[in-house]
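There are 2 protein chains.
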Amino acid sequence: LVEPLEATETATHPPAVRLTIPHQKLALLHPADIADVVEEMTADERVAVFQQLDIETAADTLQEVEPEMQAAIVSDLPEERAADILEEMDPDEAADLLQDLPEERREELVDLMQKEEAQDVEELLTYPEDSAGGIMTSDFLALPGELTAAQAIDLLREKKPDPALTYYLYVVDPQEKLEGVLSLRDLVVASPETRVTEIMDPNILKVSAETSKEDVASLIAKYDLLALPVVDARGRLRGTVTVDDVVELMLPRGWKKRSGRTLAR
Amino acid sequence: LVEPLEATETATHPPAVRLTIPHQKLALLHPADIADVVEEMTADERVAVFQQLDIETAADTLQEVEPEMQAAIVSDLPEERAADILEEMDPDEAADLLQDLPEERREELVDLMQKEEAQDVEELLTYPEDSAGGIMTSDFLALPGELTAAQAIDLLREKKPDPALTYYLYVVDPQEKLEGVLSLRDLVVASPETRVTEIMDPNILKVSAETSKEDVASLIAKYDLLALPVVDARGRLRGTVTVDDVVELMLPRGWKKRSGRTLAR
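Protein chains in written order, with this note's numbering: chain A, 13 to 277; chain B, 13 to 277.
In case anyone wonders, no lab produced these hints; they're calculated from the structure.
Be aware that one or more of the hints could be misleading.
It does not matter which identical chain is meant; a pair holds if it fits inside one copy or across any two.
[Claimed, not checked] Derived DMTMM-like pairs: lysine to aspartate or glutamate, alpha-carbon spacing no greater than 20 Å straight-line:
1. Lys-171 <-> Glu-52
2. Lys-172 <-> Glu-115
3. Lys-172 <-> Glu-92
4. Lys-225 <-> Glu-260
5. Lys-172 <-> Asp-213
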């Protein structure tokens with residue numbers, strides 16, 4: 013689920029790592045901690061780290077690095093490697109990063125990405141940065157309405173999606189139109205033969221891609237949501253804005269670093 | 013899962029309700045919307061609403077009302093009714109509310125509450141308001157480590173816990189010591205005979221009740237968590253701080269109301 017620093021005591025001991033850590037050991041840390049270490053390195057050291065980490069860890073780490081530095085790292089990496097890492101990143105994070113690159117470099121990298129991931133990112137690049145479209149991710153789980161609870165659970169067993177995608181499950185019709193939402197808990201508690209359309213809540217709050225990110229944050233805060241679906245003019249599900257994006261948006265700059273420093277006393 | 017305003021279009025139409033809505037219709041709204049309406053009422057109207065709503069809706073609504081007004085409403089309600097509503101509230105919200113009442117009134121109400129709920133709230137009242145203990149909830153799901161995945165799922169089917177409690181499942185030993193965490197998705201994907209201790213992530217980040225709420229917010233933001241467990245000196249699980257508390261903490265005052273106003277254009 014999460015693999016933070018190996019905190020065997022309550023989180024009051026100093027972070028165990030700074031610059032002296034060998035690269036092999038780095039990979040054992042949580043990506044958010046690797047990012048902290050990377051931010052203290054020279055440009056050459058950073059490139060070496062992103063060459064050596066496995067692709068998934070590299071992607072998770074890169075999206076935790078300060079935005080300006082993300083673009084610098086991607087510019088310094090060989091193009092093929094950079095494209096591989098971008099493919100593994102959350103599509104919204106990859107789009108934000110690409111937006112910070114010169115147009116020529118951006119197009120080269122998108123051309124090198126797998127077609128499906130490239131299309132996701134290119135769609136996200138068409139929305140203004142401060143809109144729901146600009147902060148949403150196109151990774152989400154959409155269940156066809158004709159599935160039963162048991163079939164939906166089998167689908168999850170087969171696909172083994174990232175846990176973060178399983179908190180809200182969206183139900184869509186054959187035209188991808190958003191019909192309702194349910195939680196994995198609803199699916200588990202329901203009797204196996206029930207259709208997901210009978211379990212789902214059809215009164216679903218949704219926004220358009222043009223909704224401002226402040227309005228999205230307000231809705232997520234007001235209704236204590238973990239995510240808010242984004243639909244197009246035909247009501248088709250295009251993506252979701254998740255609560256961690258809202259936290260990121262509202263967090264006073266420097267707070268993310270606070271934990272490390274404060275706990276290091 | 014959530015029952016916001018019945019938004020059949022994307023959320024751009026004006027909120028349909030203000031003061032003229034009959035009480036019976038009020039109960040059909042999302043508690044966060046009922047709270048908005050209640051805040052515009054006179055003290056007498058408010059008391060009438062909280063007498064008429066069913067207990068669960070009354071509790072969900074009260075915790076969405078501005079903190080100062082919550083205390084005023086509880087002071088104006090008959091004691092028995094107030095105690096019933098407090099029992100149904102999230103323990104952390106009930107404790108915050110009781111903290112705003114005069115000591116005598118607070119003690120009377122706690123005495124009228126069911127023993128179990130009263131104990132939860134009294135424990136929470138012992139922590140400073142700006143600490144992890146002060147913002148945590150004592151509602152969480154703890155699974156005994158000897159359960160198999162299938163047994164844990166059966167337990168969920170039987171208890172039907174609130175979906176918000178099922179995103180992270182905590183594994184504890186017979187002394188309530190926190191041993192690890194897993195997601196419901198991990199449970200669903202695992203083969204049925206696997207023990208939860210084999211599925212869980214034992215590298216779990218946790219804080220003590222004395223940790224400052226800013227440090228808690230930083231950790232949740234840094235590691236993109238939905239909740240952070242709070243343990244006592246013996247490592248026993250006492251509660252969890254959830255991401256919606258962090259959003260609440262960071263939200264600029266007035267933002268929660270923004271959605272209604274902005275979308276009403």
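| field | Violated constraints from the hint list, given by number and in increasing order | value | Structure breaks hints 1, 2 and 3.
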